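Enquirer: Since the structure of chain A is already known, use the hints to place chain B on it.
Next come the chains, spelled out residue by residue.
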Amino acid sequence: MISRLNWPGAIGISLLVALLLTAIPLPDWVQSWRPAWVAITVIYWCLAIPERIGVFVAWGIGLVLDVLHGSILGQHALGLATVGYIAVLYHQRIRVFPLVQQSLVVGSMVFFYLGGMSFIYNMLGSRHYGPEYLLGAVTSALLWPWAYIVLRDFRRKTVTSAR
Amino acid sequence: MEKRAIKPLFTESSSPSARFIACLILSFLLISVDHQHQHPASLRAMLAVAVYPLQYAASLPVRLVDDLAQTLATRRALQGENEHLRGENTQLQARVLRFAALETENQRLRQLLDSSANRREDVAVAEILTVDSNPAQQQVIINKGSRSHLYVGQPIADAHGLLGQIIQVSPFTATALLVCDERHAVAVEVNRTGLRAVAVGAGESNELMLSFVPTNADIEVGDLITSSGLDNRFPPGYAVGTVTAISAVPGDQFAKISVQPSAQIGHTREVLIVWPERRVDAGASPP
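Going down the list, the protein sequences come from chains A and B.
With the working numbering, the residue at position 117 of the first sequence is 117, and numbering never jumps.
With the working numbering, the residue at position 183 of the second sequence is 183, and numbering never jumps.
Excised from the complex, chain A in its bound form (with noise of 0.2 Å):
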């Protein structure tokens, strides 16, 4: 009853997580089974509440994404708005799914993002990304289950704990 408005700050704090295991230095070789953390983080938030959290909402983490890997600015915002669009539009149908089929579903999303990330890179950048950038979507498949579970229960206790 307390923490019912609370649900800025867990959104908030959730994505700071999401955005600090981004950030943090990895051995190179396991640089590129890196999860993508922050569009799992905003695939869930756009399932869960998407009346709140949406495509602007998405594209504003981009922008903080953009500006942390210093890559060209609205390039990752473009991906996870694109992400996040998806998610809300579909966010009946994908919330009913058993958990296996959403990582098959969540995997396959963060793998185009992915994919549309290096493609812009290769594009703009001239730089060649190998396909083991896109290994971070298996890993982002495998990891969804706990993913959705964690912020599930974090979600329940702060953000809807009035209903």
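To be clear, the hints were calculated from the coordinates, so they are not data collected in a lab.
These numbers come from a predicted model, not from an experiment.
Just to be clear, a hint being listed does not mean it is correct.
[To be verified] Residues of chain A clear of chain B, computed beta-carbon distances all greater than 10 Å:
hint, residue
1, G12
2, L63
3, P98
4, V100
5, Q102
6, T139
7, L143
8, P145
[Claimed, not checked] Rough simulated footprint, nothing fancy, chain B against chain A, three-plus residues with beta-carbon under 8 Å:
hint, segment
9, 75-84
10, 104-115
Using N, Cα and C, we set each Cβ at its ideal position, and we do this for glycine too.
Expert: Chain B in isolation, oriented as in the chain A frame:
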């Protein structure tokens, strides 16, 4: 709660599709503006300030491990290291003494020859905050920015050689492009022969390629490559790398020359920021 949550969906003024299209347009606008380097620099700098605590926090675990390792180091190991450093210091100081004499002699000779005198350089030390999380992108973020008078295009080095240059500056941080990035090039010369070339990053860490060196040029494996200063960006005389492999491609008039950078990319935490000319407003940096 899902049932409750569906209700407010219809109170929204715009549909997700309309928002998505708006975001799409905004993104493409930003990308094209940023790509043409008509930088929305202030926006990026503003966001970079907001992101700074995050980067700092992300670098904390590594720092913590470093500190822990130092705390847990044995007395004997510390004494050994201390002794080693003292020995090295003595050697270096002896070399500096000789170097100072040589420098004055060099300057005198240059004056005699009426050529431009060697400029003195200002140097400051900064720390690497984060290495970019994209493996193919060879850039790092350092913990000094425009508040310490850093500027875009400024060379950075480490104790062993040239490291790269700064490509973005925000008040507290700066992004530096490393020499081994594909987008990076330095005007260099072979220390032994004075042969001029351009060293371009190979895109993977720890390799550079020398461009436009003819197959019959006098160059050998093990040659030291230094910056020539002809690009008006990097100061001359900084070690860039050593030649590791030379191969002639049949039918190509230029040789394929690989260079291993002298700077210990991926091992250093401290970087030297170099002000090639003495700037009037470089008060924040020690001489």
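Enquirer: Hint compliance check: list the failing hint numbers for this structure, sorted ascending.
Expert: Hints 2, 10 contradicted; others consistent.
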